[in-house]
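**Student:** Spelled out from the first residue to the last, the chains are:
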Amino acid sequence: MAQVPTENAPERSLTFPHPPTKKSPHQPLLKAVDVRRLGANEKVLLDGSSLELCAGDRVALAGPSGAGKTLLLRALALLDPFDSGRIEWLGAPPRAEDVPRFRRQAIYLAQNPVIDESTVAHQLEQPWRFASADGADFDPGRAARMLTEAGRDAAFLEQVGSSLSGGEAQLLALVRALLLDPRVLLLDEPTAAMDGVTRQAAELLLSEWLAADSGRAWIWVSHDPQQLERTCARELSMEAGRLS
Amino acid sequence: MNAATASYLELSYGRVAIAAALVLVNALLSVALSLGIERRLLIAATRTVVQLLMVGLILEWVFTLDRWYAVAAVALVMMLAAGRAAVSNVSRRYPGIWFDGLLAMGLSSWSITILALAAIVRPEPWFQPQYSIPLLGMMLGNSLNGVSLGLERLGEELSSKRQQIDGYLALGASRWEAASEPVRAAIRTGLVPITNSMMVVGIVSLPGMMTGQLLAGTAPVEAVKYQVMIMFLIATATALGTVTVVLLAFRRLFNTSHQFLRQRLIKRN
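Chains as they are written, first to last, in our numbering: chain D, 10 to 253; chain Y, 4 to 272.
What the hints contain is simulated information worked out from the structure, not anything from laboratory work. Errors might be hidden in some of the hints.
[Stated by the list, open to error] Straight-line alpha carbon distances no greater than 25 Å define the calculated SDA-like cross-link-like pairs of lysine to any residue that follow:
{"#": "1", "chain 1": "Y", "residue 1": "K164", "chain 2": "D", "residue 2": "T79"}
{"#": "2", "chain 1": "D", "residue 1": "K52", "chain 2": "Y", "residue 2": "Q266"}
{"#": "3", "chain 1": "D", "residue 1": "K52", "chain 2": "Y", "residue 2": "N272"}
{"#": "4", "chain 1": "Y", "residue 1": "K164", "chain 2": "D", "residue 2": "A105"}
{"#": "5", "chain 1": "Y", "residue 1": "K270", "chain 2": "D", "residue 2": "V123"}
{"#": "6", "chain 1": "Y", "residue 1": "K164", "chain 2": "D", "residue 2": "S174"}
[Claimed, not checked] Far from chain D, by Cβ distances over 12 Å, these chain Y residues were calculated:
{"#": "7", "residue": "G17"}
{"#": "8", "residue": "A22"}
{"#": "9", "residue": "A23"}
{"#": "10", "residue": "L36"}
{"#": "11", "residue": "V53"}
{"#": "12", "residue": "N92"}
{"#": "13", "residue": "G99"}
{"#": "14", "residue": "G109"}
{"#": "15", "residue": "P126"}
{"#": "16", "residue": "Y134"}
{"#": "17", "residue": "G140"}
{"#": "18", "residue": "P223"}
{"#": "19", "residue": "M232"}
{"#": "20", "residue": "A242"}
{"#": "21", "residue": "I269"}
In this text, a Cβ means the ideal position worked out from N, Cα and C, and glycines have one as well.
The whole structure should be built from the sequences, with the hints applied where relevant.
**Tutor:** Right, dumping it as structure tokens:
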């Protein structure tokens, strides 16, 4: 991917972990320009998707299963290669070596988070072991506070991955992502496996995260129209790889 | 030939035929137990005779010719065959796997063989076919196991840990941080056979080359010296080959933008 410097994007537009200070008020955080992806047998998976996600945006992404919602979120997080188009972060495509840091700021939260055999505490700390943490330290107290808010006590931290329910695994993944203080969350049915109480707590954690900084935004995929109405301010819908 | 090889008994073609007739035992077993493998046995037996005879003739010719280009040609054919064998049984493949297999086998086996010829055995000339061809053959034959097992395990690990790798990448792992566990497992697996055989050599098994030298009348201690050298050469060639192929595969399946190109990994049916 070639970096296209624009007027709004200074030479080092990707000064991680802090956002650049020089930016226009309307510059989107995350922008997809005509992203096209073909699968096997030339099947169109993403059909020229474009969107802009600005600070404070709460975008709902709806559409039938198989419409390409997950693929779009994954493309936005640069997790999958695409055939044409580009993704811009704060005005420019992230350079290859900056991709891990970019993904830490625009986190894709998978629908079925993978939980390994280690304890919840160990897994919460996992992202802090990567080089992209830039030496920052995991804050166990903060993790515990978030979990308490969601009705989980200290014993939860010592549970092993295999003993977690699907909803608890989603909660763990959500808290793990929030602890990284991302600017954008790409939420792929983040509460689908949770019970009602946990879902409410999760929605609260997410809205607190959003309210804590005006420079944050999310895209939320859900098959629950009421949830999208509660959590989002504008809606995009997808059908057969096309965004509208 | 000197006195050291005086005890060597030459086999007449008639005596070889007696041994070949033993394949009838296998055939009878197959018929008696309805194993249904007579046809395959017949083909296998014929191939054994034909392939070895052809190799014998070619080697005689190369040995008499004693020219570097003849040795190089034989070495090239051996490398292509070994590269093919290393990759053909791997169940999860990706575009470029043949090239990677060949490159890894070639680099590891050729470099170690050349090192052995130039620095350890030191025949005159250094490429003398009597030494260079069997040495290369042993390097290739063993590193192909490492390459094959390494690729197999890597494919298996990457597809079973697909979602975990993806999850790590989404949380800011570099491609190396995300894949280092499968890569290590693959390299470890590739090194299992050679490590095992180094453990038990001489106790459970007498290696083929040493057996051959003993049959040819070499003094046991002399044969052992050669075998020790060979074991270490093989271990090094296998390690180099395995590490090379696994890292090459890693680079093909993870691009510099830290993306896991999992759709490239295709399971053969």
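**Student:** Each hint: holds or not?
**Tutor:** For each hint, the structure was consulted:
The suggested pairing of K164/Y with T79/D holds, with an alpha-carbon distance near 19 Å, which does not exceed 25 Å. At roughly 14 Å between alpha-carbon atoms, K52/D and Q266/Y fall within 25 Å of each other, so this suggested pair holds. Of the pairs offered as hints, the one joining K52/D and N272/Y holds, with about 23 Å between alpha carbons and a cut-off of 25 Å not exceeded. Between K164/Y and A105/D, the direct Cα distance comes to roughly 23 Å. Compliance with the 25 Å bound is thereby established for this hinted pair.
At roughly 22 Å between alpha-carbon atoms, K270/Y and V123/D fall within 25 Å of each other, so this suggested pair holds. A C-alpha spacing of about 20 Å is found between K164/Y and S174/D, which places the hinted pair at or below 25 Å, so the restraint holds. At roughly 60 Å, the least C-beta separation between G17/Y and chain D is larger than 12 Å, which holds for a residue marked as non-interface. With a least CB separation of 53 Å from chain D, A22/Y remains clear of the 12 Å interface cut-off, as annotated.
At roughly 50 Å from the closest C-beta of chain D, the C-beta of A23/Y stays outside 12 Å, upholding its exclusion from the interface. A cut-off of 12 Å between C-beta atoms confirms that L36/Y is not in contact with chain D; the least separation is 45 Å. With a least CB separation of 42 Å from chain D, V53/Y remains clear of the 12 Å interface cut-off, as annotated. Against chain D, the non-interface label of N92/Y holds: every CB pair exceeds 12 Å, the least being about 25 Å.
Residue placement check: G99/Y keeps its beta carbon more than 12 Å from all beta carbons of chain D (closest about 16 Å). With a cut of 12 Å on Cβ distances, G109/Y stays outside the contact zone with chain D, its closest approach being about 30 Å. No Cβ of chain D approaches the Cβ of P126/Y within 12 Å, the least distance being about 49 Å, so the stated non-interface status holds. At roughly 47 Å, the least C-beta separation between Y134/Y and chain D is larger than 12 Å, which holds for a residue marked as non-interface.
Every Cβ of chain D is farther than 12 Å from the Cβ of G140/Y; the closest lies at roughly 41 Å, confirming the non-interface assignment. The non-interface label for P223/Y is consistent with chain D: the shortest C-beta to C-beta separation is roughly 51 Å, beyond 12 Å. Non-interface call for M232/Y relative to chain D: holds, since the shortest CB-CB distance, roughly 42 Å, exceeds 12 Å. Its beta-carbon lying about 27 Å from the closest one in chain D, A242/Y satisfies the requirement of being farther than 12 Å from that chain.
With a cut of 12 Å on Cβ distances, I269/Y falls inside the contact zone with chain D, its closest approach being about 10 Å.
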